[in-house]
Amino acid sequence: MDIFLEQLINGLTLGSIYALIALGYTMVYGILRLINFAHGDLFALGAYVGFTILGVVFSSDVRAIWLVLIVIALGATIPVVITSLTIERAAYRPLRTSHRLTTVVSALGAGIVIQNAIMLIWGSRYHAYPGWAVPSGRYEIFGVNITLMQIIILAISLLLMVALYMFVQRTVIGIAIRATATDHDTARLMGINVSGIIRLVFIIGPALGAIAGVMIGLYYRQIHYTMGWSYGLKAFTAAILGGIGNIPGAMLGGLLLGVLEIMGAGYISAAWKDAFVFVILILLLIFRPRGLLGERVAEKV
Amino acid sequence: MKFSLTNSRTLLIAAASLALIGTAAAQDPIRIGLQAPLTGPWAVEGEMAQNSVQVVVDKINADGGVLGRQIEIVLGDDQGEPRQSALVAQRFVTQGVDAAIASYGSSVTEPAQLIYEDAGMLNIAYGATAVSLTSHGYEYFFRPTSRDDSEGAFFAEFATQTLGADRIAIVHDNTTFARGLADAAQESLGAYEGAEVVFFDAVTPGDRDFSAIVSRLRQQDPDVVYFTAYYPEAGLFIRQLRDAGVDIDFVGGNAAVNAEFIEIAGLDVAVGAMVLQEPLVADLEYTQAVDFHDEYVARHGAAPSTPWPVYAADSLNVIVAAMEATGSTDSADLAAWLHSGVTVDGITGEISFTEAGDRASAVIKVYVVDDEGQLEDTGY
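As you go down the protein sequences, you meet chains A and B in turn.
Quick note: the first sequence uses this note's numbering, first residue 1, plus one each step.
Quick note: the second sequence uses this note's numbering, first residue 1, plus one each step.
Chain A extracted, bound-state conformation (with noise of 0.2 Å):
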């Protein structure tokens, strides 16, 4: 029973990170029927941002890691949303009117460029995170293992998430989004800043990327210029678990997809964790094509 509970808190400290990237390809999805690729370097630059803040501002003297830990979230975020509008200014827009598939491989191309991007800023090696910065500290509560910063991770994520969902449920700007999700001309005739919204949800995905970012900087302390695709890629599947363009459904998504993944390599095999993910999202998508919150049937993209 131990051993289970703690691969739980494994899961879903990992499970936390898939979901709040996993926010980004919903949102986004949700507005623009488009799945944005280059999501997952945005989050990959959110932690190179990240590294770089606390390499040049920061000496190893600070003894305030919590002040450190919100600076870094914080400016990491910033560049990784300019760079986002850039791209919707640049890449989607543009291609609004255009055939969706058009769209798909501009934001594939979008993500190449970013990833080589901070190949060519930050360079082809790992890189990774002063031992300094990342708070240290582990617990053993009834027999359970668990670190301090899977703590702070699982606190900010569900924070976070919590926060997303009052928003988008509570308040106007929230109505907004939810209408513009349902019907861009039916808003618009409503006196809704369509384009508004659609940069704003360009704004918290990317955000909410980056803060994943960092975090994951710190837990794993190593990055790496591909990483991007990878936990892109698990947090798209994520999405489609959840139900694409629901924004419950991506964190359930999220947080089920990190629990099976731990699961599946604590219990049957770490060799087989991946085949083991994809086998049961390949029949969850058998027997509920929409995903496990998904309301409408996917439109062929």
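One or more hints might be untrue.
Said to hold, decoys possible - To give a feel for the contact side, a few chain B residues facing chain A, derived at Cβ under 10 Å:
(1) P41
(2) D201
(3) T204
(4) R208
(5) A212
(6) I213
(7) R216
(8) Q219
(9) P232
(10) A244
(11) E263
(12) L267
Since the hints were derived computationally from the structure, they do not count as laboratory data.
For each residue, glycine too, the CB sits at the ideal point set by N, CA and C.
Add chain B to chain A, keeping to what the hints say.
Just chain B, lined up with the frame of chain A:
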């Protein structure tokens, strides 16, 4: 993609006309292909290999070259990927380079060696130790390194006799090399009374989260963990192992520990990690090794942090020695000469090859990461 394609067309035409005339003009360089992971996850290995080969090339060219001709290195970036590796090998064959040094990583070398064999081109692997590579009866493939089975046997003896471990955990990554090494170690451990492999599983290359495998490994309460995969995962693995409070001996296979391993893991965690590998160039006493080491340090500030780049340099030494001895650049002549039991004086000592193309005698040592983040020879 970095291919040095300088004047490739002119050189191709030159090569073609040479073949017609049948004599080597003094001014045409001998072209050797160097296939290495210059980008991708193993970029640091590729860079060190390129630097090492360059040291030897400059020395040979300064001394008047080979057979009166200068040596030119043609670079091919295989990105540490089997698919790219096949493309690079094809390109070298099409370009008609005289011989190839290829490559780092057994799974990467595998598709390339087949292409070189079919084309009848001498190819020497500098960082590919999987047993299967020399089991195909290839005529043109050689490697100046050890083989996984000898390292596996060495680990079994070291873990049980020196470390006194009974319960042993083995972690690989399902690639040809790491799986082969893990299997070899497991098999060798069978010969030791009381030794038991209590954990045997794989990580996924490129993955970052090993919490599940670490939690499960901890339940088995092993005395030592043998990590046979590559350094990007090894650095993350040892950190997550220590974060989970598992304080057992960590022994890396010969691709697990280098300068980047220490950076990824953090020095506080990496200290005390052991690695079984071929000797580092700093610990070799041959004149050639000392000269090479000094020149490399003068150029790049520090010696290569793994043995492999030096084997890339030695691969070139082997090719050059064969060309000098046979007076030919034809791969069939070179391979026949290398198969005839001759000995080449290399940076890593005397190199001779078995019938299969393996190095006849290879040394393995135990290194440990010291307080300053240097690899220290333990003397075992």
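*Which hints from the list above does the structure break, by number from lowest to highest?*
The structure breaks none of the hints.
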